[in-house]
Amino acid sequence: MTTQNTLIDVAPGHVDVIGLDTVYRRRGEGDPVLFFEGQGYSGRWIPFYEELAATFDVIVPDHPSFGETELVDPINDFNDLSVHYAAFLDALGVGPVHAVGQGFGAWVAGEFAAIYPERVRSLTLISPTGTLPDEDEKMVDPYRLDREHWLDAALGPDRDQYNFVIDSDEDGVNRVLTDYKERIGIARVAWNPRYSLRMEHRLARVTAPSQVLIPEEDKLITPSVARRYSELLSTAAPVTIVGASAPTQHLLVIQEPAQIAQKVVELASQAS
Amino acid sequence: MRDERKAASTMSTFPAIPLDPQGETEPDYIDVNGVKTAYRRSGSGEPLVFIHGMGLANSWLSSEAKLAEHFDVIAPQLPGFGKTARPAWYRTLDDFVVHLADVLNAFGLDKVHLVGHSLGGITVGAFAATYPERIASLTVVAPLPLPVVIAPELVGTHDGPAPANLMEMLFNETWEQYPHLETAGDLGLFISEADDDFSDPEKFSLEPSAGLYRRLDRITAPRQVIVPDHDYVAPEPTGTDWAHWLKAPLVKISGTGGATTGHMLTEQEPDAYVAAIVALAEQAK
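In order, the protein sequences belong to chains A and B.
My numbering applies: residue 285 is where the first sequence begins, and numbers increase by one.
My numbering applies: residue 514 is where the second sequence begins, and numbers increase by one.
Misleading hints may appear alongside valid ones.
Under the rule of at most 25 angstroms between Cα atoms (straight-line distance), these lysine to any residue pairs were calculated in the SDA-like manner [what the hints assert, rightly or not]:
no., chain 1, residue 1, chain 2, residue 2
1, B, K716, A, D430
2, B, K760, A, W475
3, B, K716, A, L376
4, B, K760, A, L376
5, B, K760, A, V356
6, B, K716, A, D418
7, B, K624, A, V378
Rather than coming from a laboratory, the hints here were simulated on the basis of the structure.
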């Protein structure tokens, strides 16, 4: 299904979302999946999406300040982002979705599901950020890592084999700028605090089946964050995705696309 | 889930409530996702939710009683105001938005006519922009200003200075006719006991999202902005700015007998105010 070591070229679509030209990619047929991307792989169709597209109508918007979507002044917090994605779905005429998010995107997915539970048929959070870690765990400051160190931490020692996913064909300067733009987009809503106190109270509004998937080793997010999500969502403990050849890391969607897509399919089958 | 809500909201008649401007009688209470929410409900017809401003949250006013002649009026008291304690983890006005969604769910209401006065105007605007599908019509009355942005063509059109007397600020020159509405102020500071790591009443702000003006674009239901002749609390161009971003008509309700209406036009000219809301509800049909 996935072509080895090349990315499928999926042409971006554009949709006006309350005046913001929002860029997205969409492929596949079936129930809609809205994927909330994490840092490091915006603006492309990664193998994980292609795995999902075998079962679903997969919709992947670039967040404001990710890929080709610009950041606009009125987007300041997770409420704004949640309204943005409700308006995005309305603009596409898409009803309730299976919501899937990774890293920062999982945080957005969680906030979105808490505000709009009726728009979410199932919720899959993958190596999420966004809840307050236990006191004895030290949070990594992701803004301090440059792109190379961040990728070392996010993909582990085997990172070179994923260069075809992570490295776009941009030259080095553009890559740094893209990376910087993504961080600006994250910092706009998540600089301080670096966790969501609202989700502590609001996630209980989510009624759809949910799951939390974590890697074997996450050098960026401490373990209590995912555990807290599963508590707040009243769902099973986080499920560890085991790597076929090496321990999975923070960007497990890039390392184990087929396994994770299968988890999304299984959860979707439980949804009403 | 929506169908269940519709089934639950079969029309009922709720008894008339004696006027209670000072909030001397006990309201009813409903559990809203753990927030014990005070409310009053009266009338019959299509459901209409009224959101108060600062002050008088626990009152039952003549404008509400007159609305109840046409609608099933539900007047919840926002967390922090009147008899509803605010959870200490609330941070901004957007917390009211999700709370209001839960209020509608608790009453089994899918869609309502929504009216908000002053601070309540901002609250209902933010709610409608977040959940436009739950609004049958939207009336924003003497709203507090939208944050940050004034439509460029309106800059510099401010009214003159306000009087020092609070009652005169609210009712203009005929303020002495409304002693029964004098209030010591209800500034939304009724806070529930701090109960977790995130509780910090000091960090609460009534500022809505700076991006609210842009979100208003999502609202498609019939809508209007009602303003008085001269609003000292939210002077022009506040109302005009709201009408601009809401793409809604600006409806001015003027005083009779030579007096001007002020911020509390709802009590000064309740018949004209209620007529405007009834007319908008007709459009929504």
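query: What hint numbers does the structure not satisfy?
result: 1, 2 and 3
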